[in-house]
Amino acid sequence: MAENLNITDELKNKGGRALLVSVSTTDCADECMRSLDELARLLETAGGTEAARVVQNRVSPDKATYIGSGKVQEIAEFIRNDGDISLVIFDNELTPSQIANLEREIDGARVIDRTMLILDIFALHAVTGEGKLQVEIACLRYTAPRLTGRGKELSRLGGGIGTRGPGESKLESDRRHIKRRIAALSEEIAEIERTRSVKRATRLRSGIKTAAIIGYTNAGKSTLLNTLTDAGILAEDKLFATLDPTTRRLTLPSGAEMLLTDTVGFIDRLPTHLVKAFKSTLEELKYADYIINITDASEELIERERKRDVTKQLIQELGAGDKPIIEVFNKCDIALRDTPYPKDSIEISAREAIGTQALLERLDELVSSGKKKLQLLIPYSDGSVVTDVYRLATVLECDYVDEGTLILAECDARAQGTFEKYIK
1 MAENLNITDE LKNKGGRALL VSVSTTDCAD ECMRSLDELA RLLETAGGTE AARVVQNRVS
61 PDKATYIGSG KVQEIAEFIR NDGDISLVIF DNELTPSQIA NLEREIDGAR VIDRTMLILD
121 IFALHAVTGE GKLQVEIACL RYTAPRLTGR GKELSRLGGG IGTRGPGESK LESDRRHIKR
181 RIAALSEEIA EIERTRSVKR ATRLRSGIKT AAIIGYTNAG KSTLLNTLTD AGILAEDKLF
241 ATLDPTTRRL TLPSGAEMLL TDTVGFIDRL PTHLVKAFKS TLEELKYADY IINITDASEE
301 LIERERKRDV TKQLIQELGA GDKPIIEVFN KCDIALRDTP YPKDSIEISA REAIGTQALL
361 ERLDELVSSG KKKLQLLIPY SDGSVVTDVY RLATVLECDY VDEGTLILAE CDARAQGTFE
421 KYIK
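Just so you know, we're using this note's numbering here: the sequence shown kicks off at 1 and counts up by one.
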């Protein structure tokens with residue numbers, strides 16, 4: 001399993017200080033700084049602190065070092081003079097050769113990229129067995145092509161930011177061993193998927209509706225689930241505080257019940273390895289009846305909309321674009337008063353339980369839409385059907401007459417088709 005290690009003694013002694021690096025083209029300076037702000041939040045979540053940031057203006061990244069040899073020398077000198085920085089994080093995905101070249105020139109500091117940092121955070125926050133399996137397979141897939149010529153780097157694996165996940169004992173082996181390990185992990189995950197499919201089929205037969213709470217990381221998904229269902233799950237002001245999905249039963253104002261699922265947060269440039277590893281978990285969106293897309297309303301409008309675009313794109317990529325989506329803007333209690341919201345959206349504060357009643361009523365409308373009140377007459381010879389009616393529909397009245405059991409029930413489209421021959 002992926003190990004969940006604390007920051008190394010070296011990073012603890014130095015406060016986990018890191019230098020953040022990015023390349024900016026002439027037309028994306030503002031976007032570059034916003035992305036670095038997010039990288040700083042990721043670093044904070046991993047237990048480190050930002051010492052400084054370096055932005056190199058280039059038309060395109062350098063093939064050998066991403067930022068160019070001159071800037072690499074500046075960074076190396078800065079780190080030597082500072083004497084207290086042990087980590088350099090690039091806000092992009094580096095190639096194996098770029099990492100090797102950078103670490104050769106920047107002596108005394110480990111070089112990682114954005115993907116490695118996110119993998120590290122996932123390893124830190126994975127709690128369930130499935131979550132740990134998914135993180136390990138993602139780490140191995142990312143690491144496998146980076147084994148060649150990285151003896152120096154491999155000797156450092158096993159602790160600290162960017163090194164959580166599989167420890168040295170797994171990564172020091174050759175690619176064939178890693179492939180066997182990935183195959184074994186894939187089979188374990190496949191078995192979990194089969195179990196999930198059985199549970200999903202049971203849920204579908206029960207007729208209970210489901211809604212998936214999705215959104216950018218740290219938008220307040222876990223807080224909303226806690227507020228609506230008393231789920232009692234971890235809700236922190238950190239990126240990816242919740243990794244493993246949680247499902248809870250929710251009673252709506254009408255008395256109808258449904259299931260709410262809290263999902264892993266999205267992020268811009270979510271590593272491909274993580275998307276593949278968490279495919280089975282993320283695919284729950286495809287099987288949900290409704291999607292609650294939660295957005296942090298307290299952020300600046302341009303940043304808020306950027307994150308909404310990221311979320312919408314991932315919804316499409318995961319094949320859930322045809323689902324009814326409720327747009328929810330959270331943290332409205334600390335948002336600017338003149339903050340504009342899209343039409344038909346719902347503004348809430350999950351933490352203060354403000355506006356959540358409107359959300360419950362919207363869910364109630366969706367669940368009840370398409371339902372009809374039907375009078376069913378079920379002969380006593382078909383007595384087992386009565387149990388199915390209670391399971392698949394909302395029974396309003398029940399009486400026993402000479403011909404059989406007379407039931408007035410509220411039925412959705414599925415129940416209408418199932419009990420069609422009993423409609424009176």
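If you're looking for bench data, these hints aren't it; they were derived computationally from the structure. Glycine included, every Cβ here is placed at the ideal spot set by N, Cα and C. There's no promise every hint is true.
Taking CB as the label site, the calculated pair distances span [unchecked claim]:
hint, residue 1, residue 2, range
1, 336, 196, 40 to 46 Å
2, 364, 31, 46 to 52 Å
3, 187, 397, 50 to 56 Å
4, 421, 301, 30 to 36 Å
Here are the simulated lysine-lysine pairs, DSS-like style, with alpha carbons at most 30 Å apart [said to hold, decoys possible]:
hint, residue 1, residue 2
5, 323, 63
6, 209, 63
7, 371, 424
8, 371, 276
9, 286, 276
10, 323, 371
11, 276, 323
12, 424, 286
13, 373, 421
14, 286, 371
15, 209, 323
16, 373, 199
17, 286, 372
task = Sort out which numbered hints this structure fails and list those numbers smallest first.
result = Hints 2, 4, 5, 6, 8, 12 not satisfied by this model.
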